[in-house]
Structure formats: structure tokens, C-alpha cells
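In the working numbering, the protein residues as written are 199 to 657.
One or more hints might be untrue.
In silico DSS-like links for lysine-lysine, alpha-carbon gap of 30 Å or less [what the hints assert, rightly or not]:
#1 K467 to K477
#2 K596 to K349
#3 K533 to K477
#4 K365 to K387
#5 K267 to K387
#6 K510 to K470
#7 K467 to K510
#8 K404 to K365
#9 K370 to K387
#10 K533 to K404
#11 K596 to K615
FYI, nobody ran anything at the bench for these hints, they're computed from the structure.
Owing to the predicted nature of the structure, the values given are computational and were not obtained by experimental measurement.
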Amino acid sequence: MCEHVPLNRAKVVFATENDENQSYKRLKMIVDITIENFRSLKAEQLFSFHVENPKSHLASNVAYPMGDKIGVLRSAGIYGANASGKSNVLLAFEALRYLVGQSGNLNEGEAIPCYEPYLLSEMTRNAPIRFEIEFIVPEGTRYSYTVMYNKSQILEETLDFYPSRQKANIFKRSFSDTWETISFGGHYKGSVRRIPFFANNGYLSKAGNSAASPDLIRNAYNYFRQHIRHVGSAEEIHIKDFFEEDGALASAAELLCSVDTGISEVRSKLNKVNPETLKSFPDDLRDFIMEKTKRTFTFGHQTESGRIEFFKESMESEGTQRLFHATPMLLTIFKTGGVLIWDEIDRSFHPNIAELLIRLFNDEMVNVGGAQLIFSTHNLQLMSPEQLRRDQIWFTTKEDGQTSLYSLDSFDKNQVKSTTPYRDWYYDGRFGALPHVNYDRIASLLRPAMARNRPEQLN
């Protein structure tokens, strides 16, 4: 029977390492990202996880991926009205992951799929997108990667790293460069450097996937390919193979049981899918269907008589299904470290479940591997000084179609303190990022035509 258990029971599922003092050597964390001309983010916007005052409020919410050299937030959340650009900020990570992990596979002349500029201005609708991201790989190297591109080509691309306090260049590619003219820094030694690429291929994408490249290149490439995950993406389907590992299903059932879903057991069945029945489908759609349908799950609930009755996945609540689909990523990210992107973390969940997830990432005794959570939410229960630091709370606002991104930490520290009731002040509109609702206009629109034409009848 699945008994009622406190929230912190999930620590049993996620605890992965005993030697906490040495864990920083394998942390994989994002320090900050700059986004320009991507979707609704027209002007340059900085989303930073770098902590300037790590010893202040909720110090345990900060990890140290390079010992005590730099503090990085274990989690950060974005608040804002619907359509204010929260999802677009998170999609920037997906675009970067594509540019590094997959753009090297593009054939000559193919369009870059993640070219999505700001379309509400003639100045930007055909202008380049620019990303700059600073990150730390498991080997302890701190990198800075910048890429600028349009629909058909990579215009600029630079990879730097920090062998000391001073930044050093690994390679630099400008608009006019080909694979024969790209420049390299003095730290790029040995191996094959001049790897042929088309104008629409990222050099890091091509070189990182080459066995001839040095670790300095491949470690940066593998960071994007292996250590950034996005809940709700197609990756969820493939990562379900995680359940083939011994004990994985039992861990998933333990997690679901621990949050009071009534589930005591999860079973998996491998289905035989005949590819001939799908031969008329496009290759990508056929592969998607085969991957999605090759494995089905049933969920055991205890009956009144004490036996276990198994339900199909479709019979479970949307929240239970969503949590189950995310479980492989959660179990993997806490085991191996990395970054988890989660848009609308509160959707279909009770507020306590979203709070639990953030607590797990912020708990230094659980999250010893330095897993990092970046999420969006409308859940005001999470906006609490007991849960999040000022620098972990971000807001998006949209004006004239443009998204602005800013942190609670940007407000006057003498006015907004760690003792401030964040959510009350936010609800009062002191931080902005609230939807503007015109009740009279909406009521007039929805009021029956007869009542609109003869308002005296309402009296």
C-alpha cells in the first residue's frame, strides 16, 4: 500500500553521492545567457545565474562548480503574464542546443530551422539572431560561446575559455571566413583544426562531432548535446528507454507514491511495431510513432480488498502523466548533473508538487551533483523568501510586442529585502509583469446583444 508520506521522502530517490566536498569537480552549469532578436526578445536581454553575494540569504541555493571561484544558482524561475515571452526565453536554450548539436548535419543551402527573429519590426525581421552563453563543463573548464546567424548562414561564431582569470580564444569565425580561413587561438593545439563546413554549419557542431578534435572542443560540444534537457520536448520519448535499467521503474513508482498519487507499482510492456504498416509515412513521422508506441505503461492501485488493479496511462490524471513523463529526466539529471529546462512547471500540478521539485534542486544535501533547474511558472506560492533568493526570481513584461527580462534582484535592496513578502508585493503590481485586464471591455464583449442594446433592462 502507498502510505501518505512527507514531501522530503523523495530525497531517498534522488540522493546520488556521498562525497559532497568533491562533487564540484563534475558540475555542469550555465552561468548566464544573452539573447538578442530571438522571437519576442528584440533588444539584448541577459538571463544570469551568476551570484554576486553567495553568502547572503539562502546560501545553500548556490552551487560552486569551480570550487569557491564562482557561485551559480541551482535554480531560477520566470514569472510574467501570458504571452509575455517566458517560453521564448527558455526556447533560446533549445535553439542553442540545436545550433551546437545538430547544425553540422545541415546540407549546403538548407535553412537553419531555429532562425526565428523578431517579426514586428522591419529592422529585425531579416536581421541576425545573437546568442552568448557562459557555461561550465564537468571537467571544470569555464567556456564562453557566441554565435550570430540568419536564415541561411552562421555569420559569427566564437568559443573562448578561462585557463586562468583571463579569457583566451579557442576559435573565431567571422562573416567572411570559410573553413580554410577561420582563426584559432594558441590553446588549440594538435589535432585537425580546419574541418570543412558549409555556411549554415556551426564550426563547433562540426568539430565537436569529430574524433580528430581535442577535448577542449569536444567537451564544449558534448555539454550542449548531453547535459541540457527540456521537459516536454521530443527527448522525453527517447529518454523513456531509461526505464530499461534495473530499478528505474521501481524508483518512478516510489516517486509517484511519495507525492500521494495512489500509485504503488508501475509496469512496462514492450510492444512489437511493424514498420511496414507505417511505410507510407514520412521518415521522421514514422520514427516518432514507432518510438512513442514501442513501450506502454500501466499503473497499479490498491483495491479495497488489498489486491493491485492496473490502470492504463490514459486513465491517470494529467498531472500524474506529466510527472511520470518527466521522471526519467529528473532521475537522470540528479544522477549525472546537468541543466533541466521546464516551461510551466506548475501546469497540472498541485502547488506543493512544483514546490517540491524546486526544493529538491535547491537542497544541497540532495542535489550534490549540481543539477540546475530553469523554469517558468505562474505559481505565486513559489515566490517566497523561504523558497527562493531575490536573484532566483525573474520577470518578463511585453510592451509593443517586445519582451523585457529582469530580476527581482534589480530592485532597490533597501526596499525589497529577504524579509519582504514577495508574492504579496508582486500581486499588488509593485514588480510589474502582471497581465493588464480590462474587465469593462471584456464584459461588454461577452454581454448578450440584447442586453448591450438595451442596458436599462439590466437595472
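Consistency of the hints with the structure:
1. K467 to K477: holds (24 Å)
2. K596 to K349: holds (25 Å)
3. K533 to K477: violated (38 Å)
4. K365 to K387: holds (17 Å)
5. K267 to K387: Between K267 and K387 the Cα gap is close to 26 Å, so the pair holds against 30 Å.
6. K510 to K470: holds (18 Å)
7. K467 to K510: Between K467 and K510 the Cα gap is close to 11 Å, so the pair holds against 30 Å.
8. K404 to K365: holds (23 Å)
9. K370 to K387: holds (15 Å)
10. K533 to K404: It holds: about 29 Å lies between the C-alpha atoms, which stays within 30 Å.
11. K596 to K615: holds (26 Å)
Checked against the numbered hints above, the structure violates only hint 3.
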